[in-house]
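**Q** One-letter residues, chain by chain:
There are 2 protein chains.
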Amino acid sequence: MTYRRLPSLVALRNFEAAARHRSVTRAAGELHVTPGAVSRGVRALEEEVGTALFTRSAAGLVLTPAGEALLAASKEGLDRIAAGLVAMRQAAPPRRLRIGAYTLFASRWLIPRWNRLRESHPGLELDLQTSADPLELLPGAFDAVIAVADARPRLGLFSLPLVPIETMPVISPALLPGFDWHRATLLHSRQRPDDWPRWLAAAGIEVPDPTRGPRFESIALALDAAAEGLGVALAIRALVGADIAAGRVAAPHPFIRSTTRSFTLLHDAERKADPAFAALRAWLATEAAREGIDDPRQTHP
Amino acid sequence: MTYRRLPSLVALRNFEAAARHRSVTRAAGELHVTPGAVSRGVRALEEEVGTALFTRSAAGLVLTPAGEALLAASKEGLDRIAAGLVAMRQAAPPRRLRIGAYTLFASRWLIPRWNRLRESHPGLELDLQTSADPLELLPGAFDAVIAVADARPRLGLFSLPLVPIETMPVISPALLPGFDWHRATLLHSRQRPDDWPRWLAAAGIEVPDPTRGPRFESIALALDAAAEGLGVALAIRALVGADIAAGRVAAPHPFIRSTTRSFTLLHDAERKADPAFAALRAWLATEAAREGIDDPRQTHP
DNA sequence: TGCTCCGTTGAGCCTAACTCAACGAAGATG
DNA sequence: CATCTTCGTTGAGTTAGGCTCAACGGAGCA
Chain E
1 MTYRRLPSLV ALRNFEAAAR HRSVTRAAGE LHVTPGAVSR GVRALEEEVG
51 TALFTRSAAG LVLTPAGEAL LAASKEGLDR IAAGLVAMRQ AAPPRRLRIG
101 AYTLFASRWL IPRWNRLRES HPGLELDLQT SADPLELLPG AFDAVIAVAD
151 ARPRLGLFSL PLVPIETMPV ISPALLPGFD WHRATLLHSR QRPDDWPRWL
201 AAAGIEVPDP TRGPRFESIA LALDAAAEGL GVALAIRALV GADIAAGRVA
251 APHPFIRSTT RSFTLLHDAE RKADPAFAAL RAWLATEAAR EGIDDPRQTH
301 P
Chain Z
1 MTYRRLPSLV ALRNFEAAAR HRSVTRAAGE LHVTPGAVSR GVRALEEEVG
51 TALFTRSAAG LVLTPAGEAL LAASKEGLDR IAAGLVAMRQ AAPPRRLRIG
101 AYTLFASRWL IPRWNRLRES HPGLELDLQT SADPLELLPG AFDAVIAVAD
151 ARPRLGLFSL PLVPIETMPV ISPALLPGFD WHRATLLHSR QRPDDWPRWL
201 AAAGIEVPDP TRGPRFESIA LALDAAAEGL GVALAIRALV GADIAAGRVA
251 APHPFIRSTT RSFTLLHDAE RKADPAFAAL RAWLATEAAR EGIDDPRQTH
301 P
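Protein chains in written order, with our numbering: chain E, 1 to 301; chain Z, 1 to 301.
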């Protein structure tokens with residue numbers, strides 16, 4: 001029943017990298033793990049095959065004859081597999097998914113994370129189209145759509161909430177000292193005229209007239225205006241992190257208003273099992289989960 | 001820094017087996033896992049590469065072109081690695097370790113497990129020599145010794161307790177009905193004359209004379225005598241499990257006397273890091289830990 | 001003699017991968 | 001044509017392999 005006896009392939013990969021570099025530390029760098037992990041992996045492999053593969057010295061690693069033989073085999077074997085993955089992508093040309101997304105979400109969230117998708121899923125190509133108008137995102141012109149939606153299930157649609165809509169006020173950092181709600185100019189988005197009244201009510205702040213102030217076509221423009229010092233805009237928390245970190249805007253008040261809606265991935269329920277859709281979902285879910293852990297704009301400047 | 005991008009090699013192995021067999025169930029059999037594990041692994045791989053590798057039907061699996069390409073590559077790659085392991089064993093001829101072991105332990109514990117060692121560590125060959133005399137096992141004539149020892153560390157020796165010494169009485173199952181300690185014949189081992197007095201005292205059983213009865217050269221012979229219905233012998237729990245399961249002997253009393261000593265692997269402390277010794281230790285420790293979970297004589301009849 | 005670099009290791013944690021059990025779909029059988 | 005069997009999938013929960021962190025020891029270097 002046993003066709004082939006293989007050691008732990010994880011340990012084997014550790015060994016192969018360590019042997020190729022003649023260094024535990026460099027192998028750890030290549031594999032993005034700690035040197036300790038590589039050291040343990042190699043030890044485990046040596047124990048499994050019952051033979052020393054390296055002679056260790058502080059200067060570096062020297063392969064034993066057995067190690068040389070195993071290095072050749074594992075390098076060729078892993079190379080063959082890696083080459084096969086490339087060949088496979090030609091047998092299956094990149095899968096192109098047409099994605100429709102809300103403009104602000106695309107520019108502040110999706111695009112900054114784009115590189116990681118290309119790296120981790122080379123077989124997936126996204127054709128991104130954006131719209132500031134939620135209605136345009138509804139029809140079947142896209143394979144999948146990222147829109148603002150509540151958690152309510154929709155017949156025939158699979159939905160995956162990604163990023164909660166939470167509003168918070170932002171102003172130019174220059175205006176932060178002595179900021180006064182009664183004298184502040186509220187910057188509105190035409191699409192979301194109720195945002196300010198709701199936020200102010202939830203925060204328990206009273207102003208002369210919550211509907212006063214200039215109206216902009218989109219939240220993005222209101223945000224730009226706030227950064228320019230024109231007044232205070234309501235931003236979506238998850239989408240202004242980088243602006244705050246970069247010092248473009250700052251929060252004059254700590255209250256964040258939660259809502260029941262999220263930026264949500266929506267696609268045809270029948271395509272749930274399609275690996276391309278599964279990959280897209282998994283990637284988006286992972287990125288959404290690491291929200292706040294590290295911002296891509298910080299780590300990949 | 002990233003030399004090669006590889007998917008999860010565990011998932012890849014699942015896929016390769018499933019693709020080769022054109023069957024999840026058969027692949028699971030080969031890999032000694034459940035079909036669910038293989039199914040999940042393949043799904044994860046498909047998601048990782050973003051491409052369907054199989055088209056599923058109840059009749060079986062059919063590979064997509066991408067799956068064909070990946071099967072070829074992974075099969076060749078894994079074959080190359082497996083072949084390299086064989087070649088490696090020729091570069092490093094089997095390591096032969098001279099093992100000295102207490103006779104009863106060797107026959108009742110070590111030998112029944114021998115096959116699993118040969119299977120899991122083909123690079124390790126044990127040269128087993130046994131003795132019923134503990135003194136013969138001490139000197140440096142062996143690479144490692146399995147002897148009765150307490151947990152006290154010994155200078156210059158590495159020790160690994162394997163199986164605790166616990167004594168329990170056994171008789172022929174035929175004598176079990178109406179067994180009476182006052183009329184029973186105690187079968188003694190010459191090497192361990194104190195065993196019966198100690199066990200009886202610990203169990204709180206009084207007999208006319210705990211030292212009466214025939215003396216045999218070894219526990220093994222006393223055990224044989226008990227099985228023949230000559231009387232009641234004191235056996236070591238871990239070594240009579242199979243005899244009890246096979247109905248050769250039975251326990252007339254549930255009490256098991258624990259001691260501070262164990263069958264213990266002993267070897268030169270300096271050879272602790274030697275992979276062959278590490279492999280031997282790991283194998284013995286694993287076998288000792290599965291003690292009672294399944295007896296090798298049951299599963300490999 | 002002290003510094004630095006490198007590999008190892010003890011302790012503890014985390015998550016990928018596994019098991020178990022239940023389920024639905026597609027032949028096979030009577 | 002109902003029933004049974006086989007096979008792959010999947011939700012829930014568990015486990016252990018592999019990882020990190022931090023501390024340590026030995027070898028070369030200043």
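Among the hints, erroneous ones may be present.
Identical copies look the same in the list; a pair holds intra-copy or inter-copy alike.
[As the list claims (entries may be wrong)] Taking lysine to any residue pairs in the SDA-like style, the calculated list, with each CA pair at most 25 Å apart, reads: (1) 75 x 285; (2) 75 x 255; (3) 272 x 44; (4) 75 x 257; (5) 75 x 216; (6) 75 x 94; (7) 272 x 119.
It is worth saying that the hints were derived from the structure and are not from the lab. No experiment lies behind these values; they were computed from the predicted model shown.
**Q** For a quick check of understanding: which of the numbered hints are violated here, in increasing order?
**A** Violated hints (numbers, rising): 1, 2, 4, 5; every other hint is consistent with the structure.
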